[in-house]
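Here is how the chains run, residue by residue.
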Amino acid sequence: MEPFRQHTGLVVPLDRANVDTDAIIPKQFLKSIKRTGFGANAFDEWRYMDHGEPGMDNSKRSLNPNFVLNQSRYQGATILLTRKNFGCGSSREHAPWALQQFGFKVIIAPSYADIFFNNCYKNGLLPIVLSEVEVDHLFNIVAATNGLKLSVDLELQIVDVPNAETYKFQVEDSRKQSLLNGWDEIGRTLRHNEKIKAYEAARAVREPWIFNS
Amino acid sequence: MVSGKGADVAAHKYRATCIIIDSLPQSIDHMVNMPLTLYDKLWNAHLVHEEMDGTVLIYIDRHLVHEVTSPQAFEGLEINGRKLWRLKSIVATADHNVPTTSRAEGIADPTSRLQIETLDKNIEKFGVQDYFGMHDARQGIVHVIGPEQGATLPGMTVVCGDSHTSTHGAFAALAFGIGTSEVEHVMATQCLVARKSKSLLIRVEGKVGRGVTAKDIVLAIIGKIGTAGGTGHAIEFAGSAIRALSMEGRMTVCNLAIEAGARAGMVAADEKTIEYLKGRPFSPKGEMFARAATHWKTLHSDAGATFDRVVDLDAASITPQVTWGTSPEMVTSIDGTVPQPTKESDPVKREAMERALLYMGLNPGTPMAEIPIDKVFIGSCTNSRIEDLRAAAGVVRGRHIAANVKLAMVVAGSGLVKRQAEAEGLDKVFVAAGFEWREPGCSMCLGMNDDRLSPGERCASTSNRNFEGRQGAGGRTHLVSPEMAAAAAIAGRFADVRQIL
Numbered sequence: 001m002e003p004f005r006q007h008t009g010l011v012v013p014l015d016r017a018n019v020d021t022d023a024i025i026p027k028q029f030l031k032s033i034k035r036t037g038f039g040a041n042a043f044d045e046w047r048y049m050d051h052g053e054p055g056m057d058n059s060k061r062s063l064n065p066n067f068v069l070n071q072s073r074y075q076g077a078t079i080l081l082t083r084k085n086f087g088c089g090s091s092r093e094h095a096p097w098a099l100q101q102f103g104f105k106v107i108i109a110p111s112y113a114d115i116f117f118n119n120c121y122k123n124g125l126l127p128i129v130l131s132e133v134e135v136d137h138l139f140n141i142v143a144a145t146n147g148l149k150l151s152v153d154l155e156l157q158i159v160d161v162p163n164a165e166t167y168k169f170q171v172e173d174s175r176k177q178s179l180l181n182g183w184d185e186i187g188r189t190l191r192h193n194e195k196i197k198a199y200e201a202a203r204a205v206r207e208p209w210i211f212n213s
Numbered sequence: 001m002v003s004g005k006g007a008d009v010a011a012h013k014y015r016a017t018c019i020i021i022d023s024l025p026q027s028i029d030h031m032v033n034m035p036l037t038l039y040d041k042l043w044n045a046h047l048v049h050e051e052m053d054g055t056v057l058i059y060i061d062r063h064l065v066h067e068v069t070s071p072q073a074f075e076g077l078e079i080n081g082r083k084l085w086r087l088k089s090i091v092a093t094a095d096h097n098v099p100t101t102s103r104a105e106g107i108a109d110p111t112s113r114l115q116i117e118t119l120d121k122n123i124e125k126f127g128v129q130d131y132f133g134m135h136d137a138r139q140g141i142v143h144v145i146g147p148e149q150g151a152t153l154p155g156m157t158v159v160c161g162d163s164h165t166s167t168h169g170a171f172a173a174l175a176f177g178i179g180t181s182e183v184e185h186v187m188a189t190q191c192l193v194a195r196k197s198k199s200l201l202i203r204v205e206g207k208v209g210r211g212v213t214a215k216d217i218v219l220a221i222i223g224k225i226g227t228a229g230g231t232g233h234a235i236e237f238a239g240s241a242i243r244a245l246s247m248e249g250r251m252t253v254c255n256l257a258i259e260a261g262a263r264a265g266m267v268a269a270d271e272k273t274i275e276y277l278k279g280r281p282f283s284p285k286g287e288m289f290a291r292a293a294t295h296w297k298t299l300h301s302d303a304g305a306t307f308d309r310v311v312d313l314d315a316a317s318i319t320p321q322v323t324w325g326t327s328p329e330m331v332t333s334i335d336g337t338v339p340q341p342t343k344e345s346d347p348v349k350r351e352a353m354e355r356a357l358l359y360m361g362l363n364p365g366t367p368m369a370e371i372p373i374d375k376v377f378i379g380s381c382t383n384s385r386i387e388d389l390r391a392a393a394g395v396v397r398g399r400h401i402a403a404n405v406k407l408a409m410v411v412a413g414s415g416l417v418k419r420q421a422e423a424e425g426l427d428k429v430f431v432a433a434g435f436e437w438r439e440p441g442c443s444m445c446l447g448m449n450d451d452r453l454s455p456g457e458r459c460a461s462t463s464n465r466n467f468e469g470r471q472g473a474g475g476r477t478h479l480v481s482p483e484m485a486a487a488a489a490i491a492g493r494f495a496d497v498r499q500i501l
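Protein chains in written order, with this note's numbering: chain G, 1 to 213; chain A, 1 to 501.
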């Protein structure tokens, strides 16, 4: 995983609550057996006028001019500002893959669905939680300021609005270290392989049927 | 209705039990005086390692695998030269992409076919033994076949790259959905890096009325607490109305825990749990079963155990439910009407309601029972078990689907459910009523195969998500129980099943 330390980028506001992972990447694109190639189909049903299917030349499809990601002032956005319970629904990791491959590095919202939140960290995509009031405020600033860029510093746990306030955000230390260092989590867990084996041995005494069935 | 307790108490309780389990895991129940929740017991029994910040490694007993979320995980193992940690923990099947029409013809869609062929190859390459492939008589939806095979047992941790893994919590298991990176992590280490959730007790006391099912109970719960109401929590469903449910009904309730935002939902083990598991292929046998059952009987929350939050519902007040919008929390009673967004004070919610009504093609104030439907889908990991099919067949027996219903289909959850239903003659009841009787799989719950809604089509569906485009681009989904879906098929519009039974 690529380490994440700081990022400065253009913000796009997606003013909807409960954006589900079916909306982020529709099911027909889940048939891929690869980890890449999802960016062009992020928010497919909202982004394009026609119905998307795998294998289409997306550059030839007409874009929905009303969808915020298609508006010229937000082209090249790398920070997604959105509302509560973002990423609800299915566990598909294709959702953070699609967002990341679209170009997002950071998401800012008041809350996320648990599985999606977890999946973001596994891919070096930073989901920042700010309060509803702070998020509301950011929506107002973004609307009022063309080309607004925010700076995010994971080490310091801050979101910096140029010439204005700085917001502090919380992140669990283990998640932070993992992102800062771009750790291979499996490799780190395997350092405990003796402990895992010892657990299995003890458990097999307590509940042997677990290992027989 | 909602009561809380200090986070400090929870942290203290958690820490105390961790230290003990590290040294003497087998004696935990005797050494801790504090009453524990079912979730505490399951969590404590699976702790392998704890970091300073409270992050832990928890051990995973059962790993269910399907074709959609596993190819990248298998590939990751291969690239890094890693093996499966415990081969026997894996039970795999092909469910999302399989056709529900005749299997002999194979899969027409090349991308769907490739995904299933990739699973076939990975199973062979990694040596997985318990695979219920597309042509196996026991194939089915992963959340139906796990319990059916006895592969889901009380006291287990069960994971799968699928959010509806919460279903297995019906067996007093800690079961939750994971992403593909975590699928790979479990494959390679048999563990997950995890943090303990808060606990939420949902008590449903009393007796439900006639025609009110497990599905109505859980939709009413989601209507009450919202789709993010359980976020960050593990839910325990309890109370006399939950106890009264069959194992199938409990699975339906736990299945929808994720639609309330909770990764895990669970129900304490009891005699019904034990009875269900007797004689199943993966269940322990003979003396070992008796020993296991003794342990399983301890898998309940202790009297006096504290939860971070408690929500109470009165079973008698729950009516047959129908969703009207594009989120499972947008739900009302069959005798209700489409709500009026202008009455909503929260602007974000109001806008979501307006957008949902536009998408659903509904006007505020329309009685739910006057909304005509185009299609009916009885199936999915929520409602495709034998009891669901019996209940739906009970409604359609001797009747016929309405002329305006273009397609009504029944998709059994597994090959074994289908066979059982056929042995009981349920297939004939459905076919005589004008339903199509299909092969098992996820089918129109999410339409990864050819079973989809066309734009604008309205469906009475026993599935779990009414999101925009979920059952097909532009399709309009209304979530209901199997009995209510059957009643809608007969009436050609939503209908109160209590007036038909």
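Treat the hints as calculated values from the structure; they're not laboratory data.
Mixed in with the good hints there might be a few duds.
Unchecked claim - Computed far set for chain G versus chain A, every beta-carbon distance over 12 Å:
id, residue
1, T36
2, H137
3, I141
Unchecked claim - Computed cross-link-like contacts, DSS-like style, restricted to lysine-lysine with a CA-CA straight-line distance of at most 25 Å:
id, chain 1, residue 1, chain 2, residue 2
4, A, K88, G, K176
5, A, K278, A, K343
6, A, K207, G, K195
7, G, K105, G, K176
8, A, K207, A, K196
9, G, K168, G, K197
10, A, K278, G, K176
11, G, K197, A, K196
12, G, K84, A, K207
Idealized CB from N, CA, C, for every residue including glycine.
Right, here's what the structure says about each hint:
1. T36: It is violated; T36/G is separated from chain A by about 10 Å at its closest Cβ, not greater than 12 Å.
2. H137: holds (15 Å)
3. I141: holds (18 Å)
4. K88/A to K176/G: violated (34 Å)
5. K278/A to K343/A: Since the Cα atoms of K278/A and K343/A sit roughly 52 Å apart, the hinted pair is violated (cutoff 25 Å).
6. K207/A to K195/G: Roughly 47 Å between the alpha carbons, so the hint for K207/A and K195/G is violated.
7. K105/G to K176/G: Holds, at roughly 15 Å.
8. K207/A to K196/A: violated (33 Å)
9. K168/G to K197/G: violated (41 Å)
10. K278/A to K176/G: Roughly 46 Å separates the two Cα atoms, so the pair is violated.
11. K197/G to K196/A: holds (22 Å)
12. K84/G to K207/A: violated (35 Å)
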